[in-house]
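There are 2 protein chains.
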Amino acid sequence: MIVSANLARNAAGRLVPSVVNGRPVTGFQGVSVDRPDGRMHGAPIRSCSMYPSDGNKVAESLKSALVRAGLRDGMVISTHHHFRNGDLVAEQVFEIAAELGVRNLVWFPSAVFPCHAKLIRHLESGVIHHIEGSLNGPVGDFASRGNMPGLAVLRSHGSRYRAVQDGEIKIDIAVVAAPECDPFGNMTGARGPSACGVLGFAVADTQYADHVIAVTDNLVPFPCAPWQIAGNLVDQVVLLNQIGDPSQIISGTTQITRSPERLLIADLAAQFVEKSGIMREGWSFQAGAGGTSLAFTIYMRDRMRANGVRASFIRGGSTRYLVEILEEGLTGCILDGQTFDQDGVRSVAVNPKHIMTSPFTSYNYHSKGNIASMLDCALLGATEVDLNFNANVVSHSDGRMLHGIGGWQDALFGKCTILAVPSFRNRVPIIRDQVTTLCGPGELVDVVVTERGIAINPKRQDLIDAARNTDLPIKSLEEIKAIAETLCGGPPQSPSLSEDIVGVVTWVDGTILDSLHKV
Amino acid sequence: MIVSANLARNAAGRLVPSVVNGRPVTGFQGVSVDRPDGRMHGAPIRSCSMYPSDGNKVAESLKSALVRAGLRDGMVISTHHHFRNGDLVAEQVFEIAAELGVRNLVWFPSAVFPCHAKLIRHLESGVIHHIEGSLNGPVGDFASRGNMPGLAVLRSHGSRYRAVQDGEIKIDIAVVAAPECDPFGNMTGARGPSACGVLGFAVADTQYADHVIAVTDNLVPFPCAPWQIAGNLVDQVVLLNQIGDPSQIISGTTQITRSPERLLIADLAAQFVEKSGIMREGWSFQAGAGGTSLAFTIYMRDRMRANGVRASFIRGGSTRYLVEILEEGLTGCILDGQTFDQDGVRSVAVNPKHIMTSPFTSYNYHSKGNIASMLDCALLGATEVDLNFNANVVSHSDGRMLHGIGGWQDALFGKCTILAVPSFRNRVPIIRDQVTTLCGPGELVDVVVTERGIAINPKRQDLIDAARNTDLPIKSLEEIKAIAETLCGGPPQSPSLSEDIVGVVTWVDGTILDSLHKV
Numbered sequence: 001m002i003v004s005a006n007l008a009r010n011a012a013g014r015l016v017p018s019v020v021n022g023r024p025v026t027g028f029q030g031v032s033v034d035r036p037d038g039r040m041h042g043a044p045i046r047s048c049s050m051y052p053s054d055g056n057k058v059a060e061s062l063k064s065a066l067v068r069a070g071l072r073d074g075m076v077i078s079t080h081h082h083f084r085n086g087d088l089v090a091e092q093v094f095e096i097a098a099e100l101g102v103r104n105l106v107w108f109p110s111a112v113f114p115c116h117a118k119l120i121r122h123l124e125s126g127v128i129h130h131i132e133g134s135l136n137g138p139v140g141d142f143a144s145r146g147n148m149p150g151l152a153v154l155r156s157h158g159s160r161y162r163a164v165q166d167g168e169i170k171i172d173i174a175v176v177a178a179p180e181c182d183p184f185g186n187m188t189g190a191r192g193p194s195a196c197g198v199l200g201f202a203v204a205d206t207q208y209a210d211h212v213i214a215v216t217d218n219l220v221p222f223p224c225a226p227w228q229i230a231g232n233l234v235d236q237v238v239l240l241n242q243i244g245d246p247s248q249i250i251s252g253t254t255q256i257t258r259s260p261e262r263l264l265i266a267d268l269a270a271q272f273v274e275k276s277g278i279m280r281e282g283w284s285f286q287a288g289a290g291g292t293s294l295a296f297t298i299y300m301r302d303r304m305r306a307n308g309v310r311a312s313f314i315r316g317g318s319t320r321y322l323v324e325i326l327e328e329g330l331t332g333c334i335l336d337g338q339t340f341d342q343d344g345v346r347s348v349a350v351n352p353k354h355i356m357t358s359p360f361t362s363y364n365y366h367s368k369g370n371i372a373s374m375l376d377c378a379l380l381g382a383t384e385v386d387l388n389f390n391a392n393v394v395s396h397s398d399g400r401m402l403h404g405i406g407g408w409q410d411a412l413f414g415k416c417t418i419l420a421v422p423s424f425r426n427r428v429p430i431i432r433d434q435v436t437t438l439c440g441p442g443e444l445v446d447v448v449v450t451e452r453g454i455a456i457n458p459k460r461q462d463l464i465d466a467a468r469n470t471d472l473p474i475k476s477l478e479e480i481k482a483i484a485e486t487l488c489g490g491p492p493q494s495p496s497l498s499e500d501i502v503g504v505v506t507w508v509d510g511t512i513l514d515s516l517h518k519v
Numbered sequence: 001m002i003v004s005a006n007l008a009r010n011a012a013g014r015l016v017p018s019v020v021n022g023r024p025v026t027g028f029q030g031v032s033v034d035r036p037d038g039r040m041h042g043a044p045i046r047s048c049s050m051y052p053s054d055g056n057k058v059a060e061s062l063k064s065a066l067v068r069a070g071l072r073d074g075m076v077i078s079t080h081h082h083f084r085n086g087d088l089v090a091e092q093v094f095e096i097a098a099e100l101g102v103r104n105l106v107w108f109p110s111a112v113f114p115c116h117a118k119l120i121r122h123l124e125s126g127v128i129h130h131i132e133g134s135l136n137g138p139v140g141d142f143a144s145r146g147n148m149p150g151l152a153v154l155r156s157h158g159s160r161y162r163a164v165q166d167g168e169i170k171i172d173i174a175v176v177a178a179p180e181c182d183p184f185g186n187m188t189g190a191r192g193p194s195a196c197g198v199l200g201f202a203v204a205d206t207q208y209a210d211h212v213i214a215v216t217d218n219l220v221p222f223p224c225a226p227w228q229i230a231g232n233l234v235d236q237v238v239l240l241n242q243i244g245d246p247s248q249i250i251s252g253t254t255q256i257t258r259s260p261e262r263l264l265i266a267d268l269a270a271q272f273v274e275k276s277g278i279m280r281e282g283w284s285f286q287a288g289a290g291g292t293s294l295a296f297t298i299y300m301r302d303r304m305r306a307n308g309v310r311a312s313f314i315r316g317g318s319t320r321y322l323v324e325i326l327e328e329g330l331t332g333c334i335l336d337g338q339t340f341d342q343d344g345v346r347s348v349a350v351n352p353k354h355i356m357t358s359p360f361t362s363y364n365y366h367s368k369g370n371i372a373s374m375l376d377c378a379l380l381g382a383t384e385v386d387l388n389f390n391a392n393v394v395s396h397s398d399g400r401m402l403h404g405i406g407g408w409q410d411a412l413f414g415k416c417t418i419l420a421v422p423s424f425r426n427r428v429p430i431i432r433d434q435v436t437t438l439c440g441p442g443e444l445v446d447v448v449v450t451e452r453g454i455a456i457n458p459k460r461q462d463l464i465d466a467a468r469n470t471d472l473p474i475k476s477l478e479e480i481k482a483i484a485e486t487l488c489g490g491p492p493q494s495p496s497l498s499e500d501i502v503g504v505v506t507w508v509d510g511t512i513l514d515s516l517h518k519v
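Just so you know, the sequences run in chain order C and L. Going by my numbering, the first sequence opens with residue 1, and the numbers climb by one from there. Going by my numbering, the second sequence opens with residue 1, and the numbers climb by one from there.
You may find that some hints are simply not true.
Listed below are the simulated DSS-like cross-link pairs for lysine-lysine, each with C-alpha atoms no more than 25 Å apart in a straight line [to be verified]: (1) L:170 / C:170; (2) L:415 / C:353; (3) C:459 / C:118; (4) L:275 / L:353; (5) C:518 / C:459; (6) C:459 / C:415.
These are computed hints drawn from the structure, not numbers from a lab.
Given these sequences and hints, build the entire structure.
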């Protein structure tokens, strides 16, 4: 937590610090002005002469592996969220650090889940100094109240890859949980009792960290083939009793929303995509695994089927419904960054057209292009939107950081970004004069679909023209805002936030887009 | 070519230079003493803002792509040998360089073939200053005669990856030929009219070069999925009429030797592997695609079948015979670095247990272990062997560098390295007091199998014990040497070589193992 001294206004008009956790940073400068120089971070050069020639890198225990990796005060330790709310690895790592008396660690997770509430005690005791990563649930609430001595650095999945690649953050020890792993460290998430599908979020860490430990509850003889991550990147392998709670790793079935309003939003979004001509032979789209997104996916499947249209690819988060679309031949392939249910895991393990990707291929902005910008349509959510289509996805309207960015910022670069949101939640209108936290610049948001109407960004005259002679309920954001305010009894209150800053939202290029304040 | 001043004797007793093509180098220091420090080379950081958001990177022509890449005097240009003796890409690249008046380029191929004789004119004219890479055939002969102004730097496949990774050589422009490629640059060798199988030799180049150009004669819509190399690493894509001569890219069928002596050598090697107990349930081996190696592979297949033994994995170069072994269930998988025939191409495209590898996973010595050292047995060839089991694979006994190192040095690290060689060739004994060029230290060579007997390295008492009570024709190297000299009328003549140096052989860790002299 820092007091709000030395803040400067960035190109989005937001006040942001110039130093974050001791590192000088640059404020956001605009969406397309990024021109990086310099070279990528280099991992330390190792030699086969330093590793067992028989390829057996199995360590006695996680503790001995962490000691051998040189765990000490102030190090950056990374873990990953492939096990989602069933992760049992981060807890074990920091428990060992506490036992060893190590302090002031930086935790660099790929995402935080409610199960990580158990780590709050290590933040309180000083074992963990701060978290660089999107916060969520209880940990987010803890940090929002100013209880974390360092700043939370919120990055999208793509920006996390970029930060590691560019050397913006240097990982000392990466601990990668693998549902199947051999003694050399070859690993996959596609097989094993704790199978979770794609392991993409650990790709950057294994490429660039100083030391890589693979942990598994399913050690198989060499070679674990095909692998997603090669053992050549792994220093040590640890066999644990349990690396995840299977009931929480992936959901057995993914649930479509039953809310009539959400179903209406999904239906309007699907209508928009068909009637504006975005859905056509060879098109592509991405939608998440939330209830509205799943409903949208099913509606698109039905519309593709009815119109005899095939997608060239669909970006996952894969679910049962994407797998059905692939198996029915309605898409050429799934490019999958994250596997959300049992059907996704089954498919990615055997279907050669269900492709494992990583934030490098999909989202990294410091790349020679990425997949996100090639999508014809990306359907996303938001917690708030302002009249310039700027959007928030990390904080509630009370200012607490309760949601991760995920791939949300990265996916904004699609050819048509649709925010599918209710016009109000719990009697609080979500369209407001100013978003509490800016996560996505409005120029990248093309359409906002609510249950009260569809607003098209005035910058997208082509979409306005395409929707003109349809029966779609096109309205301005102002009109939808007014309707919601009438229904809710007025505009939302501004949150009463401290001037103290507890976190920052980075943009995909590493600049600072906004600050998060103590509540 | 340099005169032999400033040479120092390395740990193998060979005189080697301390500077190679202007770069300070270290002499070989021993097999297991390598302790590198420093960090890997970083590629330049690029941004999506600098590339088309629709992912279309197709350039007008190879010439315009090279101009846009900034082709200029002195640059390092890499190409690859996936098309083997059918490569049509290197020629086109240097023809354009000549047209543009560019000079003093360094050509950094992954291997040279006889088809590259066409590039000699660019060496003569000064468009190419020198070649960093194993030489072969006419180009090797040209350089051996002292006609190349710089030194040839001979590296194994693994050492080439290491040199790029470590920044020992910095590639300015990599030109990668892809049998199937999309406009974003995703590519595979497994499909398309010029399909060649695995593209592993270009992996280092695409990761670390300053600029990457993919050339293809088979441009497909995005996504080319599954890809082996991701388009995120590619700057430009060029569509050419022809990137390779299909009749020379891969052989329709791979030929087993018909020579009775070679068949005998292969049979003795197979007998040794079975009778010494190396062949057992779950074992692994590697053999090349030469005639003797193919015969060995077939004999091992028959012996595995007869004994009810299964391999856990076999390393390719894949051929029809490895594919048959996989399909018959005699191996768990093929870990394939290079695809030698149509059956290999067909298999690697569809069989999930036929895994594409690269020199990174298989051979890179500056890695956290690699696959080569985990092999129970590697069967290799050699041009010469001395009484200490030191071996030569690059030069003939007249000193000319006529063969590439390939993965030969890297594969020496297997648990049992067998050199399968005739005791003499063209009436020249191959076992001699001193090898003309040292490529492999004798401590890594375990067994030499000839048609006149099998010699086991005295350092391998375990193998000597294992072979003791068998009917194998175990002899000393001295005995085999004496037999061959009797048959050939005496020991081989020493080549009359100039003191001038025309090339160096690097060891897998980047140190200099030996010098090649002008003939």
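Find the hints from earlier in the document that the structure breaks and name them by number, from lowest to highest. 2, 3, 4, 5
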